[in-house]
Amino acid sequence: MDTQIKPEANRAEKPVYRPTDIESKWQKIWEEAGANHAPDDDSRPKFYNLVMFPYPSGDLHIGHWYNYTGVDVFGRLMRMKGYNVMQPLGFDAFGLPAENAAIKRGVQARKWTLSNIAKMRSQLKTMGGIWDWQREVITCNPDYYKWTEWFFLKLYEKGLAYRAKAPVNWCPSCQTVLANEQVLADGTCERCSTLVYKRDLEQWFFRITAYADRLLEYKDVSWPEKTMLMQRNWIGRSEGARVNFKATGWDSQEYDLPIFTTRPDTVYGITFFVLAPEHPLVEKLTTPDKQAEVNAYIEKARGETDIERQSTDREKSGVFIGSYVISPFTGEKVPIWISDYVLMGYGTGAIMAVPAHDQRDFEFARKFNLPIRLVYMPDDRDLSEDSMNEALVHEGHVVNSGAFNGLPDNQETVKQFIDHIEHEGLGNAEVNYRVRDWLISRQRYWGAPIPMVYCDIDGIQPVPEEQLPVLLPEEVEFKPTGESPLKYIPEFVNTTCPKCGGPARRETDTMDTFMCSSWYFLRYCSPLFDGGAFEPNLIKKWMPVDQYTGGAEHATMHLLYARFFTMALHDMGYLNFEEPFTRLFHQGTILRDSKKMSKSKGNVVAPDVLVNQYGADAVRAFLMFLGPFDKGGNWTDTTEMQIGGIYRFLSRVWALVTDTVAFDKGGSVDSKIEAAVRRLQHKTIRRVLQDLESWQFNTALSGLMEYNNGLIKMAQDTPAVQASVAWREALDTMLVLLAPLSPHITEELWQITGHETSIHIETLPIYDAALAADDLVTLVVQINGKLRERIDIPADMGEEEVKQTVLSAPKIAAAVSGATPKKIIYVPGKLVNIVL
RNA sequence: GGGCUAGUGGCGGAAUGGCAGACGCGAGCGACUUAAAAUCGCUUGAGGAAACUCGUGUGGGUUCGACUCCCACCUGGCCCACCA
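Count the first sequence with my numbering and you get residues 5 to 840, in order.
Simulated from the structure, these hints should not be mistaken for laboratory data. Careful, some of the hints might be misleading.
As the list claims (entries may be wrong) - DSBU-like mimics (lysine-lysine), calculated; alpha carbons at most 35 Å apart, straight line:
no., residue 1, residue 2
1, 162, 223
2, 32, 108
3, 18, 129
4, 635, 32
5, 50, 123
6, 545, 162
7, 337, 250
8, 304, 202
9, 717, 815
10, 717, 50
To be verified - Label pairs and their in silico Cβ distance ranges:
no., residue 1, residue 2, range
11, 610, 464, 46 to 52 Å
12, 503, 50, 42 to 48 Å
13, 126, 799, 32 to 38 Å
14, 505, 63, 33 to 39 Å
15, 648, 204, 58 to 64 Å
From the three backbone atoms N, C-alpha and C, an ideal C-beta is built for every residue, glycine too.
Whenever a hint applies, use it, and build me the whole structure from the sequences.
Right under this line is the structure:
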């Protein structure tokens, strides 16, 4: 291979650094030796090092490399620390892109997916990671999705799966359901530009809300605070009360209208009542004279896109529907309105409006000239309903509330109101969650089938376990609209009822791919096991995952679903732990010109060219050198130029080590020089190990570069040092510390320097503080906090003597010029600050 | 609107409250070469001949001492977004 960067060999007898040759050589040797496989029977302690598996889009880009290199560096480090490291990889293989390829290019989804996997697997192998390919898991294979279906049945048995109506994106022109990704920002269909609207469909849900409180616990896990906070906000636990109101419909019947509020202490402030436009009682409570207006409003709300409806800063809208509720607290008639700021999906879809103390209600009241009544008054000033221009939230003391007047705004007051509500039989304390049940139905072809059948006689019936898997047909034809072809395959749809044996229809929806990724980490433990989803003893051996690494964007979806799954399986007795991932780390994202890389945007950076030119070792180290691993980076046109620096570094390591080999071992060298070598060696061990263990790969590398530069300098100054034992050990240290980052060159040099076993099973060097200690330390001398001088002093000099030495230094003495210092600050080994 | 996070040379970035700019890229000069590339050496925050002065988004504060801690603001990124 010819590149302009590569140095010529300056001596014929020395081996030349040819990265690609070395890399393919060692990758082959490692693979044949099974070096990357984590055996199930092994006496070392286990370490399960997991990375979020990729979607097989077809091309491995530099972002994948970044992510997987960091994980591999950490895995290799743990292996060198003596762990039996299991580091598997697989493919999250169901999903929309395969279906789009099938529609647009007429290639079968399965074929497309598997050829992408083959390509990505071979690309991945070039990075020289310790991926345990014997454990590979592909979620679209029947031996995997059989168990995805099985989990569905188990959740169904436990009452955690249920069917309900939910809105989907419906394109009236294509006559099909669209995924959120297929709806453009302006609310139109990506295929035909028709306006998409919401339509209710019967779909399957998982009752994740039943686990909301448990999901807030985080038992025995060490996760980033940020991620837990995101999940907590997502789950959104709110304590409050349910209060029952009653209203009379135009049919003279009385209807219950419960509401949920977090502010039961403001019930006396209610001046109107609002229902979500979709609320089922709207029809009964709308008086005939309001019918037309109300219907028009509901129509309008339905036609709005999510983006429109969710925008906070739009003006409030709504319609009075003609009926009233009676406030059980004040006995007043309170008008009922509908408005889209009340959501059917949260609480009861109805609220009591207290405009004086809720900003949204306040805006609504002002817009429609509805009354406002203060039930809290600030302690330090007067406020009037007419002049206030925003709601008063959490301030002051209770007023206008009968026996409660005078109470302060606090939890105790809220509790007294709830007690009162419960005592009067008007309602009860209640906790609500923002999180909704998990909708897993997808009106898509390329996913795991939902193992359910519909019988005219027996209704909904689960497919019996022994009939699993419900196989997904592989040769299918798509309608031009992109509709799921499953509906039109009679052999798939028509089946028999497991209960009565009569004719029945299969469910044609498939499962959300998050379902597949909610348990893949369990499958890695026994990927070939066919007696169940996993082999219980191997689960006990490997789980929970010790280290999980992946993007922060999965905080509220995948990471929550996987925890829910694990907890549900624990409760069914399949697992003896509740949290799947003990430690979590989010790597940063590599952007291209400040934008996310994606195949669809066409802005991906391919690693292949760089790997061919500089070798995988250089690309790995280069990516890790860009910055802190959790920060990611912005890839611009000049970024690539930096790889030359890493390549030079590796070449210099190569030259340093191969130069030494020419020297005879066992020569003697001045003990002072030997001590200097040891000092540099042990200082490096300390900082580099510390950095590697805390994922600071960029500073670990700069530490190694400084080490390399230091050793080169020593060899130049005193060539004889290269014959010493200390020198050989110093080079061993260099190679061992560099091995996790650049595994091939270090393995090659390890062999060249006469070692007979792989460098990657070496144990890490141990830091010796005594060897690292300096005789002299450089002391910084400041006057009034400003740097004035640097003085070398013996490391063991006492404080008084240090101060005297400093004060008698000519520059300092001149600056002080006879004045008496007010104070002298002494930080041992670091600095002296003289305050004048 | 809320939450989180970041802001340091021409660039990527480094600094348990203690020498700002480590390490690397790029650039400049030099050596080697007929020449170029590669390699090696030196220089490289700004101003200044130098002594020295200024300098980590802006403005305050705490401290002997602040890139680092506190307050306010400005700008970017990410997540959530009318959740009663």
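Evaluated hints:
Under the criterion of a C-alpha separation no larger than 35 Å, the hint pairing residue 162 with residue 223 is consistent with the structure, at around 23 Å. About 39 Å separates the Cα atoms of residue 32 and residue 108, which puts this hinted pair outside 35 Å; it is violated. Of the supplied pair hints, the one linking residue 18 and residue 129 holds, its CA atoms being roughly 29 Å apart against a limit of 35 Å. Taking the CA atoms of residue 635 and residue 32, the gap is about 33 Å. The hint holds against a cut of 35 Å.
Pair hint residue 50 plus residue 123 holds up; C-alpha atoms about 31 Å apart against a cutoff of 35 Å. Among the hinted pairs, residue 545 with residue 162 is consistent with the structure: their alpha-carbon atoms are about 27 Å apart, no more than 35 Å. For the hint linking residue 337 to residue 250, the alpha-carbon distance of about 11 Å falls within 35 Å, and the restraint holds. Proposed proximity of residue 304 and residue 202 is supported: the alpha carbons are some 12 Å apart, at most 35 Å.
Taking the CA atoms of residue 717 and residue 815, the gap is about 32 Å. The hint holds against a cut of 35 Å. As the CA atoms of residue 717 and residue 50 are separated by approximately 41 Å, the hinted pair breaks the 35 Å bound. Restraint check, residue 610 to residue 464: a C-beta distance of roughly 48 Å satisfies the suggested window 46 to 52 Å. For residue 503 and residue 50, the Cβ-Cβ distance of about 45 Å falls inside the hinted range of 42 to 48 Å, so the restraint holds.
Range check, residue 126 to residue 799: Cβ separation about 55 Å, and the 32 to 38 Å hint is violated. Checked against the hint of 33 to 39 Å, the pair residue 505 and residue 63 fails, with Cβ atoms roughly 49 Å apart. Taken as a hint, the range 58 to 64 Å holds for the pair residue 648 and residue 204, whose Cβ atoms sit roughly 60 Å apart.
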